[in-house]
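Using the hints, position chain B against chain A.
Those sequence lines, one after another, are chains A and B. Counting from 1, one number per residue, gives the positions in the first sequence under full-length UniProt numbering. Counting from 1, one number per residue, gives the positions in the second sequence under full-length UniProt numbering.
Treat the hints as calculated values from the structure; they're not laboratory data. No experiment lies behind these values; they were computed from the predicted model shown.
Once the Cα atoms are required to be at most 20 Å apart in a straight line, the calculated SDA-like pairs of lysine to any residue come out as:
#, chain 1, residue 1, chain 2, residue 2
1, B, LYS269, A, PHE194
2, A, LYS69, B, PHE119
3, A, LYS330, B, GLY121
4, A, LYS209, A, GLU240
5, A, LYS330, B, THR58
6, A, LYS69, B, TYR120
For the chain B half of the interface with chain A, some residues (derived, Cβ under 10 Å), not all of them:
#, residue
7, THR58
8, GLU128
9, PRO265
Beta carbons: idealized from backbone N, C-alpha and C, even for Gly.
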Amino acid sequence: MADKNGFFDLSKTTLSRRTALKGLAAGAGLAVAPGFVRYSQAQSSAPIKIGFQSHRTGIGAAYGRWYEKTTAAAVKAINDAGGINGRPVEVIIEDDGTDPARGAEVVGKFASQHKTDIVFGTLFSHVVIGSAPAAGEAKIPYFVVSEGHHVASTKLNRYVFQPGITDVKSQIQSMAPWIAANAGKKVTQIFPDFAFGYDHRDYLPPALKAQGADVIAQIAIPPTESSFTKYFPQIPAETEVIYHVMVGPAVLTFVKELGEFYGSNRPQLFGFMDSLEATDINSPGLEFLDGSHFWEGSPRYAQPDDSAAQKAYRAAVGIDDNGAAVGDPKDVSTASHMFGCWETLYVVKKAMEDAGYKGPEDRAKLVEATEALTEFAEGPEHPQGPKTFNGKIHQCFGIQNISKVEGGKLKVVHKTKIEDGLYEPEGDYTTQAL
Amino acid sequence: MHFGPHLLLAALEGLVTSAVLALTALGLSLVFGVMRVVNVAHGEFFMLGAVLAWAISTAISGHPAVGFLAALVLAPLIVGAIALVAERLVLRRLHYNPEATIVATIGMLYIIQQLALTFYGPEARPVEPPFTYRILLPWFGYSGYKLSVIAASALLLVATWLVLTRTKIGLVMRATQYDSETAQAFGIPVDRVYAGVFALGAMLAAIAAVLIVPISQAHYLMGQDPLLLSFIVVIIGGLGSLRGTVVAAVLIGLSDGIISVFFSPTLAKIIATFLVAMVLVFRPHGLFGTASR
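The following block holds chain A by itself, in its conformation from the complex (with noise of 0.2 Å):
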């Protein structure tokens, strides 16, 4: 067959370049013009964006990187069922690290860069503190996976909120008994010199003198300190009790030198899970820790007892039965604070699902559903457990678990009630203005 016009030879026909202005811009015309059909189907079906406030480097960086995987995992469960309202739920990552002037600066990018919906999953205190005003100003929801008493304590603003992880005025009142009961009535308390140490050494004290116990002597330790020798001679030698929360990348050689400074013959240690997360507890040196007892705001370690939804949380996120990466047994996850962003993005999907929430325009309205909010059941949505939830505080209450080292493991010995952890509200955010 010849095609003897040329008809199929591309280098005959000459595209006139009148011709193709014509057609760009009709097309031009068409994505513009109004009630065009790519317009109102944005409106549907556009993703829900949630901006990160990541710890991806400074001192929290171990920490970002297990709640950027936890994120991941819950996202991709969400986006899986069907995403929020209908549409697909995309989380984009900023860097604060781990600093608290970085952490209102990604706050403000958010807003008014990336537009996202909600800023969501910072953990150290010293940076929500630091970001809450920015995200006040810019009016959009930060919701943060902190455990800190700043948000609880309502002295940020309405537009900051903790559902996903208990605060530790209410972890350390629901502890205190067992503490006291069961390690010894003389207690010294080693914290880090900043705002999270601070709700330590203001709740512990009071907490524990209502079980008849006391605190002898507090010990404040700049987060930066990388040897701990020097501040050992401080503690009191009549102390039963050595009460420690550490956080930072120092914790593990905090641990040893304890260790070498009081050998077998120590007094009773109990700690919060932050001197150890994303450390393996069979590390050398970390032998003496048999027998002691810590925190966990959800157990590392695989729990004969486990729920269904506990068991399908640790598959997602991809942890094995010692709370350390599957495949990968030296990377040691931050179990104890890390489900914390999971259950937070289920309280985000509820509130945002109550709201009817369809953009930035309705960030007032999910702020008063997310208040709206009382309880939170066990389940799929919730594996750490259940949860109640003070929409006047911001804040929600749930149980907390005390685990005990044995046999290089964690063996979960008490669990306490949600009632055990609750307090008098110090405020209610709900009478400020949106």
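Relative to chain A, chain B alone:
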């Protein structure tokens, strides 16, 4: 705890700090003294030493001492090689211009730090000490390994001193430090001396890091404190003075240990910084430095 044992603990802690600090600061001081450039990335060579020590000791199975000794030999060599490459690629091309070098080494600091974050990760990882002997004193227990760090550091300092004062390499280095132009005129390959000194400085930092890493873990941000303290030591001790560096390191380490045990760590830092200010005002060339000609 009574005053006596308390002071003993403070002094021991201070000596460990001094030992590591002396090695790190000596590296900075050599580079400073011979090349007349400020290496802001010095702390990152320290960090690299620790990170490599972790990598090497985990790659080698068997008794922890084997992995540790391998790390003690290999990590400084690798860090030295990296420093050599950095010197060839960056410092030489800037003709060792003091201002340009500061900016360039700040860049190197961030590059090395971020590469460590990317390839090593944000975790603090432990290295097993070659031996775990716990010395039991009547009042408290103390890590035998920490005492061995003091001894190892003292040996290395003596070795460095011997190299500087008794060997031809040392003579060449001192000649370059004294007057690089005249040294060149006398046929000393100043270029190669510079490269060698830069690598040696980084290696000293890496050795210090390998020694400290079984005590405090390897972490990608661990280079910041040693850098600051090394600067303090070098300024107090005097540029390029080995004796000054060691004396200042012991002074800063002990005062840091003792003041932070009896008072507060913040006060220790305040005093160290104050000392720097005083030295800069009253003896700008340091306690043992020679005034620039």
